[in-house]
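Hey, can you work out the whole structure from these sequences and the hints?
Okay, here's what each chain looks like letter by letter:
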Amino acid sequence: DTAVSQTPKYLVTQMGNDKSIKCEQNLGHDTMYWYKQDSKKFLKIMFSYNNKELIINETVPNRFSPKSPDKAHLNLHINSLELGDSAVYFCASSRAGEDEQYFGPGTRLTVT
Amino acid sequence: SQKIEQNSEALNIQEGKTATLTCNYTNYSPAYLQWYRQDPGRGPVFLLLIRENEKEKRKERLKVTFDTTLKQSLFHITASQPADSATYLCALEGPGGSYIPTFGRGTSLIVHP
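Protein sequences, first through last, are from chains C and S. Throughout the first sequence, residue numbering follows my numbering, covering 979 to 1090 in sequence. Throughout the second sequence, residue numbering follows my numbering, covering 43 to 155 in sequence.
Any given hint could turn out to be false.
[Said to hold, decoys possible] Straight line, CA to CA, 25 Å or less: simulated DSS-like cross-link-like pairs of lysine-lysine:
{"hint": "1", "chain 1": "C", "residue 1": "K1022", "chain 2": "C", "residue 2": "K1049"}
{"hint": "2", "chain 1": "C", "residue 1": "K1014", "chain 2": "C", "residue 2": "K1000"}
{"hint": "3", "chain 1": "S", "residue 1": "K113", "chain 2": "S", "residue 2": "K45"}
{"hint": "4", "chain 1": "S", "residue 1": "K45", "chain 2": "C", "residue 2": "K1018"}
{"hint": "5", "chain 1": "S", "residue 1": "K59", "chain 2": "S", "residue 2": "K105"}
{"hint": "6", "chain 1": "S", "residue 1": "K45", "chain 2": "S", "residue 2": "K105"}
{"hint": "7", "chain 1": "C", "residue 1": "K1049", "chain 2": "C", "residue 2": "K1018"}
{"hint": "8", "chain 1": "C", "residue 1": "K1049", "chain 2": "C", "residue 2": "K1014"}
{"hint": "9", "chain 1": "C", "residue 1": "K1049", "chain 2": "C", "residue 2": "K1019"}
{"hint": "10", "chain 1": "C", "residue 1": "K1049", "chain 2": "C", "residue 2": "K1000"}
{"hint": "11", "chain 1": "S", "residue 1": "K59", "chain 2": "C", "residue 2": "K1022"}
{"hint": "12", "chain 1": "S", "residue 1": "K45", "chain 2": "C", "residue 2": "K1019"}
{"hint": "13", "chain 1": "C", "residue 1": "K1022", "chain 2": "S", "residue 2": "K45"}
{"hint": "14", "chain 1": "C", "residue 1": "K997", "chain 2": "C", "residue 2": "K987"}
{"hint": "15", "chain 1": "C", "residue 1": "K1014", "chain 2": "S", "residue 2": "K59"}
{"hint": "16", "chain 1": "C", "residue 1": "K1022", "chain 2": "C", "residue 2": "K1000"}
{"hint": "17", "chain 1": "S", "residue 1": "K97", "chain 2": "S", "residue 2": "K113"}
{"hint": "18", "chain 1": "C", "residue 1": "K1019", "chain 2": "S", "residue 2": "K97"}
[Claimed, not checked] Over 10 Å on every C-beta distance to chain C, these chain S residues come out as not near it, computed from the model:
{"hint": "19", "residue": "E102"}
{"hint": "20", "residue": "R147"}
{"hint": "21", "residue": "V153"}
Hints listed in this document are in silico derivations from the structure and should not be mistaken for laboratory results. Values in this document were obtained by computation on a predicted structure and should not be read as measured data. Don't be surprised by glycine CBs; every beta carbon is placed ideally from N, CA and C.
As structure tokens, then:
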């Protein structure tokens, strides 16, 4: 059983397009996250969401928006994709904010 | 904002030796600190969490220390094995206990047989 799953694993698209990455966790966790890992391997938090509160990293462009249809899912929508958006995006979940995080396998996004 | 420093250079050690990785931080002192392992092409995997009132924590061959005076955490792997080769990341709770953890850039560990 996969704890945190993401789809797709690879995503290649052109500048200006709109795309979504899906994330699902079957751990019953309350908090989910989206991270961006750039080419220098720096893992940067984008969003944290726990059913009641969405915390946005202020440096994230508003072209990025998380959407949570239910507690087990947190999808990432990206509008007007730019070259600089190319990176690996990780979804994660935790029981509470301070607990260990379980990461998904990542989605490698390439914008051409 | 919190700044986390991990040695950007890879740490090369011989199998059987103890690997020691360092995580230094500035500004506020976090209530807890976590260590993760990341293999190429995969997501980070949680290893250990240590709280500010704990000086040391162990799990099998792993040991983590947390010195809030020095603002430093040390991560040790004893009797290292080639399978321990990976990138190790430290993560601190966000400012004010927020749900925005801050990760270091990680240190690559290479264990030679």
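Checked hints:
1. C/K1022 <-> C/K1049: 22 Å, holds
2. C/K1014 <-> C/K1000: Given pair C/K1014, C/K1000 holds - Cα atoms ~14 Å apart, limit 25 Å.
3. S/K113 <-> S/K45: Roughly 11 Å between the alpha carbons, so the hint for S/K113 and S/K45 holds.
4. S/K45 <-> C/K1018: OK: S/K45 and C/K1018 at ~16 Å, within 25 Å.
5. S/K59 <-> S/K105: 14 Å, holds
6. S/K45 <-> S/K105: Holds, at about 23 Å.
7. C/K1049 <-> C/K1018: 32 Å, violated
8. C/K1049 <-> C/K1014: 21 Å, holds
9. C/K1049 <-> C/K1019: 29 Å, violated
10. C/K1049 <-> C/K1000: 13 Å, holds
11. S/K59 <-> C/K1022: Roughly 32 Å between the alpha carbons, so the hint for S/K59 and C/K1022 is violated.
12. S/K45 <-> C/K1019: Measuring from Cα to Cα gives roughly 16 Å; hence the hint holds.
13. C/K1022 <-> S/K45: 12 Å, holds
14. C/K997 <-> C/K987: 13 Å, holds
15. C/K1014 <-> S/K59: 34 Å, violated
16. C/K1022 <-> C/K1000: Holds, at about 18 Å.
17. S/K97 <-> S/K113: 12 Å, holds
18. C/K1019 <-> S/K97: 29 Å, violated
19. E102: The assertion about S/E102 holds, with a minimum of 16 Å to chain C.
20. R147: The assertion about S/R147 is violated, with a minimum of 5 Å to chain C.
21. V153: 19 Å, holds
The earlier numbered hints that this structure contradicts are 7, 9, 11, 15, 18, 20.
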